[in-house]
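Those sequence lines, one after another, are chains A and B.
Count along the first sequence from 1, add 37, and you get the number used in the working numbering.
Count along the second sequence from 1, add 37, and you get the number used in the working numbering.
Be a bit skeptical, because a hint or two may be false.
No distinction is drawn between identical chains; accordingly, a pair holds when it is met within one copy or between any pair of copies.
Unchecked claim - Below, simulated DSS-like cross-link-like pairs (lysine-lysine); rule was C-alpha separation at most 27 Å, straight line:
#	residue 1	residue 2
1	K62	K100
2	K213	K100
3	K213	K167
4	K213	K62
5	K40	K100
6	K148	K207
7	K100	K131
8	K181	K207
9	K226	K181
10	K100	K135
11	K39	K213
12	K148	K167
13	K213	K131
14	K177	K167
15	K100	K177
16	K62	K226
17	K181	K167
No lab work stands behind these hints, which were simulated from the structure alone.
2 protein chains.
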Amino acid sequence: MKKIIGILGGMGPAATVDAMEKIIKHTPATCDQEHIPVIAVSFPEIPDRTTNILSDGESPLNKMLAALRILESAGAQCIIMPCNTAHYWYNELKAATKINFLNMIDITCNKIVNERINHVAILATTATVKSGLYQSRLEKENIKFVISDDIQQRCVMESILDYKGGDAGKAYFLLKGVISQLQSFGVEKFVMGCTEIPLILSRDGDVDRYIDATEELIKNAVEWCYIDEGCF
Amino acid sequence: MKKIIGILGGMGPAATVDAMEKIIKHTPATCDQEHIPVIAVSFPEIPDRTTNILSDGESPLNKMLAALRILESAGAQCIIMPCNTAHYWYNELKAATKINFLNMIDITCNKIVNERINHVAILATTATVKSGLYQSRLEKENIKFVISDDIQQRCVMESILDYKGGDAGKAYFLLKGVISQLQSFGVEKFVMGCTEIPLILSRDGDVDRYIDATEELIKNAVEWCYIDEGCF
Numbered sequence: 038m039k040k041i042i043g044i045l046g047g048m049g050p051a052a053t054v055d056a057m058e059k060i061i062k063h064t065p066a067t068c069d070q071e072h073i074p075v076i077a078v079s080f081p082e083i084p085d086r087t088t089n090i091l092s093d094g095e096s097p098l099n100k101m102l103a104a105l106r107i108l109e110s111a112g113a114q115c116i117i118m119p120c121n122t123a124h125y126w127y128n129e130l131k132a133a134t135k136i137n138f139l140n141m142i143d144i145t146c147n148k149i150v151n152e153r154i155n156h157v158a159i160l161a162t163t164a165t166v167k168s169g170l171y172q173s174r175l176e177k178e179n180i181k182f183v184i185s186d187d188i189q190q191r192c193v194m195e196s197i198l199d200y201k202g203g204d205a206g207k208a209y210f211l212l213k214g215v216i217s218q219l220q221s222f223g224v225e226k227f228v229m230g231c232t233e234i235p236l237i238l239s240r241d242g243d244v245d246r247y248i249d250a251t252e253e254l255i256k257n258a259v260e261w262c263y264i265d266e267g268c269f
Numbered sequence: 038m039k040k041i042i043g044i045l046g047g048m049g050p051a052a053t054v055d056a057m058e059k060i061i062k063h064t065p066a067t068c069d070q071e072h073i074p075v076i077a078v079s080f081p082e083i084p085d086r087t088t089n090i091l092s093d094g095e096s097p098l099n100k101m102l103a104a105l106r107i108l109e110s111a112g113a114q115c116i117i118m119p120c121n122t123a124h125y126w127y128n129e130l131k132a133a134t135k136i137n138f139l140n141m142i143d144i145t146c147n148k149i150v151n152e153r154i155n156h157v158a159i160l161a162t163t164a165t166v167k168s169g170l171y172q173s174r175l176e177k178e179n180i181k182f183v184i185s186d187d188i189q190q191r192c193v194m195e196s197i198l199d200y201k202g203g204d205a206g207k208a209y210f211l212l213k214g215v216i217s218q219l220q221s222f223g224v225e226k227f228v229m230g231c232t233e234i235p236l237i238l239s240r241d242g243d244v245d246r247y248i249d250a251t252e253e254l255i256k257n258a259v260e261w262c263y264i265d266e267g268c269f
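The whole structure should be built from the sequences, with the hints applied where relevant.
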């Protein structure tokens with residue numbers, strides 16, 4: 038039996054599906070049986086992360102822990118959580134399990150460092166931005182970054198919520214407007230630091246402008262399966 | 038907590054992702070928390086169903102049962118299995134669990150009956166066709182059907198395997214060739230009786246020609262969540 042990737046998901050559900058699709062895309066399989074086994078616990082009712090961080094709504098931690106326990110019992114050997122904002126609770130979740138738990142923020146920042154990218158814009162939820170999840174690591178690495186101002190950030194957040202609410206068209210145009218403004222700062226790349234953002238921008242041809250945190254997480258998880266003997 | 042849909046999946050992995058995407062599409066949600074919780078056990082190493090049915094390869098049943106046990110322990114309240122051929126073992130799986138287990142073949146045939154469609158073509162794996170999974174019910178209902186001849190069926194099967202192997206382009210043209218031949222029999226609709234077929238034909242605009250068994254299964258599962266109080 039190959040090693041099993043466990044997805045602590047549902048934040049949002051489409052981002053979980055996107056992560057699963059990217060596991061398939063990054064696995065060099067020629068038939069079903071060569072693909073990586075995945076158990077996805079997609080619990081969209083996990084309380085909203087941004088609301089909790091910014092205005093003290095119900096904490097999502099207990100429901101995240103419940104999903105983690107299911108993944109443990111089911112035999113997952115590596116946990117991924119395709120939601121950037123949820124990484125606000127990463128240390129608590131990691132401390133609560135013995136299973137390897139990949140950190141998508143670290144992995145994405147590693148990519149920026151390794152590719153010697155000097156200047157990025159961070160596209161993320163207001164909670165991810167306010168809690169400095171990306172900024173603290175980028176500062177340590179002396180990488181310049183730009184974040185949205187308050188009006189731009191309101192548009193980014195509205196775009197994310199519109200996408201989650203089913204209005205993909207409005208989500209796209211809101212986000213593209215912010216991107217073209219931030220472009221004027223001379224950034225090299227835009228960090229898609231919310232798992233809905235690659236979905237919102239999926240109609241965008243110019244993929245080289247972006248660093249997709251979900252894609253980086255998945256490439257790392259698939260690589261973990263390969264490197265660790267017993268998976269392939 | 039809403040009711041949880043459990044997916045006995047990985048047959049193939051892309052079909053499981055497609056089923057999850059269709060759950061999202063058919064749920065009228067305006068935010069994450071209104072979506073349906075899903076646990077997907079995607080075990081692509083489940084032995085090939087067609088090989089077992091046609092030439093006595095390893096039986097997939099034990100690994101399917103293992104996936105079913107995980108879904109039971111995790112708290113799934115309704116099981117779906119997005120693989121038509123796997124329904125060859127449906128009765129054994131259903132008998133092994135107390136959880137509601139939807140049958141995608143029955144659901145798809147119900148749609149044909151309810152919409153008074155009189156003549157269909159069955160596009161499916163060679164094992165699904167040879168085991169008569171669709172034909173037995175359609176005969177009972179006096180619905181005319183056409184199945185591929187041996188050469189056409191070899192092309193359908195090759196198309197499915199090509200798609201699973203990553204050659205989506207070749208898969209599409211092989212299948213389209215068969216569809217245009219079968220069209221001459223005057224069929225009203227084509228039953229996409231293999232969960233890879235809606236993926237192979239996803240670039241096809243003419244969706245009205247097809248009955249997508251995955252989509253019918255998912256609509257039924259979502260409806261089950263709505264009807265059964267406690268889910269919404």
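When no copy is specified for K100 and K177, does a C-alpha distance of 27 Å or less occur within a copy, between copies, both, or neither? neither (32 Å within a copy, 47 Å between copies)
At 27 Å max between alpha carbons, let me know whether K213 reaches K131 within a copy, between copies, both or neither. This pair counts as neither: shortest intra-copy Cα distance 35 Å, inter-copy 49 Å.
First find the shortest C-alpha distance between K177 and K167 inside one copy, then the shortest across copies, and answer within, between, both or neither for a cut-off of 27 Å. within (17 Å within a copy, 63 Å between copies)
Reference check for the pair K148 and K207, CA-CA at most 27 Å: within, between, both, or neither? Neither: 30 Å inside a chain and 34 Å across chains, both beyond 27 Å.
At most 27 Å between CA atoms: does that hold for K213 and K62 within a copy, between copies, both, or neither? both (26 Å within a copy, 24 Å between copies)
How would you label the pair K213, K167 (within, between, both, or neither) given a Cα cut-off of 27 Å? within (21 Å within a copy, 51 Å between copies)
Could you place K213 and K100 in one of the four classes (within, between, both, neither) given a Cα distance threshold of 27 Å? neither (33 Å within a copy, 46 Å between copies)
Have a look at K181 and K207 and pick one of within, between, both or neither, based on CA distance no larger than 27 Å. The answer is neither: 30 Å in one copy and 45 Å across copies each exceed 27 Å.
Within, between, both or neither: K148, K167 at alpha-carbon 27 Å: For K148 and K167, the Cα distance is within 27 Å only inside one copy (22 Å; across copies 50 Å).
Within, between, both or neither: how does the pair K40, K100 come out at a Cα-Cα threshold of 27 Å? both (25 Å within a copy, 15 Å between copies)
K226 and K181: within-copy, between-copy, both or neither at 27 Å Cα: Within one copy only: 11 Å inside, 57 Å across.
Indicate which option fits the pair K39, K213 if close means a Cα-Cα distance not exceeding 27 Å: within, between, both or neither. neither (41 Å within a copy, 35 Å between copies)
Of the hints listed earlier, those the structure fails to meet are numbers 2, 6, 8, 11, 13 and 15, in rising order.
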